[in-house]
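**Student:** Okay, here's what each chain looks like letter by letter:
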Amino acid sequence: MSLLNGSSDGCGGCGCGGTDSGAATPEPEALNGAAANGTGTSRRRFLKVLGTSGAGAATLAACGPPNFGDKLIPSLVEEEGITPGVSETYATVLADAGPEPVAVHAQVRDGRVLGLSPNDRFGGGTSGLSSLTHSTLQDLYDPDRVSQPLQQNPSTEDGAPPFQYANWEDATAALTNAVRVGGAVLLTGRVTGTTGRFIADWARVMGVEHIAWEPFSNQALAGGTADVSGGAGMPRFDLSSADRIACFGADFLGTWLAPTQMSAGFAAARDIEAHHHAKFTFVGPRLSLTGANADEWIEARAGTEGAVALAVAGVVAAARGVALPAGMSAGSPESVADAAGVSADAIRALGEELAAAENAVAVPPGLESQGAAARQAHQAVAALNEVLGAVGTRVFPGGGAPEGTSASFADMQALMGRMRAGQVRTLIVSGCNPVYALPTASGFGEALANVANTVAITPHLDETASACGWVLPCHHALESWCDADLARGAMALGQPLMHPVFDTRQREDLLLDVANAAGQGGAFAGADYATVLRSTWTERLGGHAAWLDALRRGGASAAAWAGDEGADTGEDAAPAGGVDGFAAPQAPSGTQLVVYPTAQFYDGRGANRSWMQEQPDAITKVVWNSWVEMHPDMAESLGVDRGDVVRVESDQGVIEAPVYVYRGIRPDTVAIPLGQGHTEYGRYARNRGVNPLDLLPASADPASGALAYAGTAVTVEATGETARLVVTQGSTDDHDREIVHAMNVEDALHEIEAHEIDLVELVEAAWDSDPNSPYRWGMTIDLNACTGCGACVTSCYSENNIPTVGEEQAALRREMSWMRIHRFEEETEDGGFQTVQQPMLCQHCGDAPCEPVCPVYATYHSPEGLNVQVYNRCVGTRYCANNCPYKVRRFNWFNHDARGRGDGGAFAWPLNLQLNPDITVREVGVMEKCTMCVHRINKAKIDAKEEGRTVRDGEVMTACQASCPSNAITFGNLKDPESEVSRKAKSARGYHALGELGVRPAITYLEDVTHRHMPAGGHGEPAAEGGEAH
Amino acid sequence: MATAEAKVPAHPTLAEANRDITRPIAMPEKRFYLVLGVAAAGLALMFGAWFYQIGAGIGVAGITHPVFWGVYITTFVFWVGIAHSGTLISAILYLFRSGWRTTINRTAEAMTIFAVMTAGLFPLIHLGRVWYFYYLMPYPSQRQIWPDFRSPLVMDVFAVSTYLTISALFWYTGLIPDFAILRDRAKGWMYKIYGAFSLGWQGTVSEWRHYRRIYLYMAGIATPLVLSVHSVVSWDFALSIVPGWHSTIFAPYFVAGAIFSGVALVITIMIPLRWAFGLEAYITENHFENMAKLVLLTSLIVGFSYGTEFFLAYYSADPIEIESFRWRALGAYALPFWVMVFCNVVVPQALWFKKVRTSLPALFALTIFVNIGMWYERFVIIVTSLAHEYEPGGWGLYTPSWVEMSILVGSFCWFFFWFLLFSRSLPVISIAEVKEHLAHEHSHAEGGDGGDGHE
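Protein sequence lines, in the order shown, are assigned to chains A and B.
Position 954 of the first sequence, counting from 1, maps to 954 under our numbering, and the rest follow consecutively.
Position 10 of the second sequence, counting from 1, maps to 10 under our numbering, and the rest follow consecutively.
Treat the hints with caution; some may be incorrect.
Covered stretches of chain B, going by a simulated chain A footprint (3 or more residues, C-beta under 8 Å) [what the hints assert, rightly or not]:
#1 50-59
#2 62-71
#3 132-140
#4 148-154
#5 247-256
#6 313-323
#7 393-402
A few chain B positions that, by computed beta-carbon distances, are all more than 10 Å from chain A [unchecked claim]:
#8 Ile92
#9 Pro123
#10 His126
#11 Ile145
#12 Ser161
#13 Ile221
#14 Ile241
#15 Val242
#16 Glu280
#17 Thr308
#18 Phe342
#19 Val345
#20 Gln349
#21 Val356
#22 Phe364
#23 Phe422
These are computed hints drawn from the structure, not numbers from a lab.
This structure is a prediction, so every number in the text was calculated from the model and none was measured.
Glycine included, each C-beta is placed from N, C-alpha and C at the ideal position.
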């Protein structure tokens, strides 16, 4: 980890500190011409620059390639700490990456951000990164980003482009004028920390009303929890110490609140190797990514989860002899069973089990179950946590990251009312996309047309920006100064890491310009936002050295940041009280609609990232499309099957989408994912899939103002048509082959205590690796820890220059992913099923079937046991892939870059700037596959050699391992008996996928563990695995 | 040869034989150019599609994950199979002294060579980077990398190229006396070309003695290749671990299938050829009946192999193998499977009846069924096995694209293009051998010495 040098002036984050500010002048053309463009001339020039000029190279590395003109000027004093071709790591924060602000480390090389990894160096970060967070890289290099200011075209002739280019002077003037006319509203997304306060100050000084709004607001959660348990702001959940978990609908492993942190806690609570495994019950209408990890499913109807939670709380209170929180009373399980569509016995049993557990915890409903009684549902779960004694140990009211929003859906409705009435004369939108993310029925688009001056400050031409008069492109988070409140009172600090890709400006600087033009600049601590931020932090932390330290670490812990109101954990605040009585829910009639966010698109912001479009959904494995999930029974009664188009109609609208048949959904419910169906936003998102918000009424929970996502009745009918629905998994049934195993928790505990097995010895056979080599690289993947979130997959795309292929090619199953996550449904004894998610990647077999069939030695066995693919040697017979039992080899059917596809292909400029220089971009006709990040291994080996030692355990982390939020993946040297991977591979749960083939994989899977009862005498007996070893 | 007497028509004189057999060479007419034009158009289609594929990427073919081999390898194996008939009929029947081969061996050998030429295109067509095809050859490389001789694909390169070389030499050896006949009848530049190929053949006794020796040796060398080349091709599959491929039965099974399809195609081609060139006197029903018997025999072997595969899958008690074969018969590719069974096992049973064996229209129709069936056999083996392998999550289907179908159709045109050129430039029946038999007969009839068949 390299540290910042020099002062923080200029673009300090790039490390160029005190260099001439000329280098920091935006020069998008230079970037385009000199390094990014792959043409021969500029490549040669680029190399010349690198080779000849230390200064050139240093400046390149610092701030992107500036325009050198015709002269090459050598540097007399090289920039410290910058070596061309060597990645530097900087800490920053992605404040609006998804459900939570994420502290990250970014790898910066030759002036470009190439990769992201988690940052937990200052006591506020996480140990994993979600897919969505990784994909913000593609947001930075989005080929459809707004490259310079745009003004709506006054010409309305047919065929006239909607926008014309403008310069920044005019754009800033337009913004200034729009603010000056009065009656202005600034609508932003989540803003916290110094940024949040700065915008609030600016709005106050300029007389502008500031509304911060997020579509997926958790205000009902904050309100409901505070009502019962006190504490201001978001609660935080720490599942790691739990021994019994019940979730009432939230997708906390995928999209809800703080998924990476909660994934880590969830895995810790179920770490069978530590001899404990918290049973997990999921209550809700469909098995989401989170639900699929459950040991028990109580199929409550959407919107009734809160009522079930309250009944459970009643059972717990009775069993433990404690009282429910003041003002609350719970009905019997029978009173809610009908409405929820589940058996009263199941509810009672859940309550009794929770009551019997010492460290039980309940997780509240998420957005997909947020109905007209959202706040009450959260009150109910808070009450359950109260009677479980979880508050203060596993649930921390007010301990989460502040949401940073001020407006609920009801507030937005009020705003729209004022817009329609003409009371809003100027609307500045930044960081949110209300035209898309509000229900179509709420009519934000029409209301927007009533506003005289509309300005969007955004990097993307999304639905809202397209409807605005002016579009002022702002920096991406990785090009900006910013900070963000994290959970537990920690504060993350972000810095610009590279020269801006386009002619964009930081949003806060734009606002300061407006203030300066209005003569109000004195109200702020500096003339630009970098100064404002630095002075705030320096003051708060008590000195310049502390500020630099915070920059290095990426933030400050709660203790360091103490005294700030943003760091107030709020855990001491008293309950707000005033708990409403809980009306008994009525059993709804007709088919219920569930709309839910997915880990890849979240609220739609992931839709224009090709990685996310090509990331198979965690459950359905669908890519590039929307779908309607339905139970096999409903599909049968409609006479439809996967891919058949159905028409889903509500009072508000109608959409048509293909069916995905799924056993994990109630037969009276259909589910449609959110995030697709964009009409603007960019090439990957536009006109793809459907937006289920078209079906929702504009109704809110009266108690919290939150939008009611649940509770819409729909009719579903077959259309007789069939659509292309690309599913990247062949069968969800493993046909009892030795591929995935799930074992009962009792058996698992018994086996783990009883014996170890030595699969490691097996992979040390003579031909697996050179006996003289100190290494045999290997991996373990713990299927019990793996949730199936897909973070590893995106991480692999980012690290290894894996191209996306687009829907048409994906429909032919030609996606290039080196790693796929299969979801298998294992039958249980009671006729249900247990979902097992399995990452499948090259197993680096000791006796690999792919190797001897290659006629040209393009794939061979390295002395360290890696199965190596030599791209330059490959002629493309594809025999290796035929002979691979795991089918993990991917073939380049086309050139996926500009050579093969007219539009620039998978790496359309500037997406190519993200390409990892350590990795070849593969050509048409060659085979590729997982390398176990061999470039990282080699780097570690070089480092080790320089220091005269061997590679240490843990020194090499594969990209997938580094991003895994639940630490399911362990990589290391199997020849070192002390290494973590050797230790884990000895677990009694260890097995080799298709081990009976005798191909001696280097990857040991550890069996999934469930509280369900798996059929006896199956293939899952660990003894059978041990037998293989002997 | 004594056995030959009943088989060769007694009617033509030696001069008539010369005239009849060389007649097509002298007078190409309109319908020939028409047919040749059709073949050339198909050829253009094939090379157009291939060059498009090279330019755009192999992905314009339908092959995909997990079915990495499709129509190209299917068609490769199909043509290698076709290539078996020539050497079988020429070399093996020659060694067995089966006189009835005489009037059909030339055509069958020509088919062999053109079929190997066709087959040889497909490993190239199917390469992802055809411009590096020479990596498969053991050429002196500065990096000192040789091909991996463990790979069946390298074995294939050697098996097929050896087969092509030997077949061509064998064919050419048999042609030398006929080249001399053509030379003697030609004028101008044709004389020079035929003259060069005839290697100065004069028909002296010592020449004939050497000729007969070398022809026998060539037949001896070619015979094991009949068995080896398709065995090696079958190892492309049998040496893998793919369920449905990994089977010790493959070598004999493939050789039988190859003879089956090869002889069937000889029949398919001979019937119109005989009609078009008026060779009824030389190629008789007797020839067809003998070939039909061979088709019936190999059909039974092939049918038995199908049954054996299924039985062994069941008997192995390996659920993966069982599922693989269950799916082959009942899964997404059930139609190709049952087409295969119908064409290769059911239809040839008609050949038990002499009426069918001696009816040329019936034989023509039946052998077309066999050819379709044998193409499907390879398709079924390749595609169904790959589509439904070990890892259920990786299962997937394959549909050929228009590029693959164009190249498939074009491969027939390529084959017939060469065959048409052959039929108009070389005698489709070995004149020397025919005359040898005629001379024997004449000498028997007249009680005199007819000489050695030289004019």
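**Student:** Does each hint hold? Answer for all of them.
**Tutor:** Going through the hints against the structure:
Using a Cβ-Cβ cut-off of 8 Å, 4 residues of the segment 50-59 of chain B lie near chain A, which meets the minimum of three, so the contact claim holds. Chain A is given as covering the segment 62-71 of chain B, and this holds because 7 residues of the stretch bring a CB closer than 8 Å to a CB of that chain, at least three being needed. For the segment 132-140 of chain B, the stated coverage by chain A holds: 4 residues have a C-beta nearer than 8 Å to a C-beta of that chain, and at least 3 were required. With a cut-off of 8 Å between beta carbons, the segment 148-154 of chain B has 6 residues touching chain A; three or more are needed, and the interface restraint holds.
Counting residues of the segment 247-256 of chain B whose CB lies closer than 8 Å to any CB of chain A gives 0, so the stated coverage by that chain is violated, three being the minimum. Counting residues of the segment 313-323 of chain B whose CB falls under 8 Å from any CB of chain A gives 3; the rule of at least 3 is met. For the segment 393-402 of chain B, the assignment as covered by chain A holds, since 4 residues bring a beta-carbon within under 8 Å of that chain's beta-carbons and 3 suffice. The beta carbon of isoleucine 92 (chain B) is kept farther than 10 Å from every beta carbon of chain A, the shortest such distance being approximately 30 Å.
Interface exclusion of proline 123 (chain B) from chain A breaks down, the closest Cβ pair being 8 Å apart, not more than 10 Å. Once the 10 Å rule is applied to beta carbons, histidine 126 (chain B) is inconsistent with being away from chain A; the minimum gap is 7 Å. Taking the minimum C-beta to C-beta distance to chain A, about 6 Å, the non-interface status of isoleucine 145 (chain B) is violated against the 10 Å cut. At the 10 Å boundary, the C-beta of serine 161 (chain B) stays outside the reach of chain A, the nearest C-beta of that chain being 14 Å off.
Residue placement check: isoleucine 221 (chain B) keeps its beta carbon more than 10 Å from all beta carbons of chain A (closest about 26 Å). Isoleucine 241 (chain B), annotated as away from the interface, has a beta carbon of chain A within 10 Å; the closest lies near 5 Å. Under the 10 Å C-beta cut-off, the non-interface status given to valine 242 (chain B) relative to chain A is violated; the minimum distance is some 6 Å. No beta-carbon of chain A is positioned within 10 Å of the beta-carbon of glutamate 280 (chain B); the least distance is around 47 Å.
Chain A leaves threonine 308 (chain B) outside its interface by the beta-carbon criterion, the shortest separation being 23 Å against a cut-off of 10 Å. The claim that phenylalanine 342 (chain B) lies off the interface holds: its Cβ sits roughly 28 Å from the closest Cβ of chain A, which is beyond the 10 Å cut-off. Listed as a non-interface residue, valine 345 (chain B) keeps its Cβ farther than 10 Å from every Cβ of chain A; the least gap is roughly 27 Å. The beta carbon of glutamine 349 (chain B) sits about 34 Å from the closest Cβ of chain A, which is more than 10 Å, so the claim that it is off the interface holds.
Distance to chain A confirms valine 356 (chain B) as a non-interface residue, since its nearest Cβ pair spans about 40 Å, more than 10 Å. At roughly 37 Å, the least C-beta separation between phenylalanine 364 (chain B) and chain A is larger than 10 Å, which holds for a residue marked as non-interface. Non-interface call for phenylalanine 422 (chain B) relative to chain A: holds, since the shortest CB-CB distance, roughly 32 Å, exceeds 10 Å.
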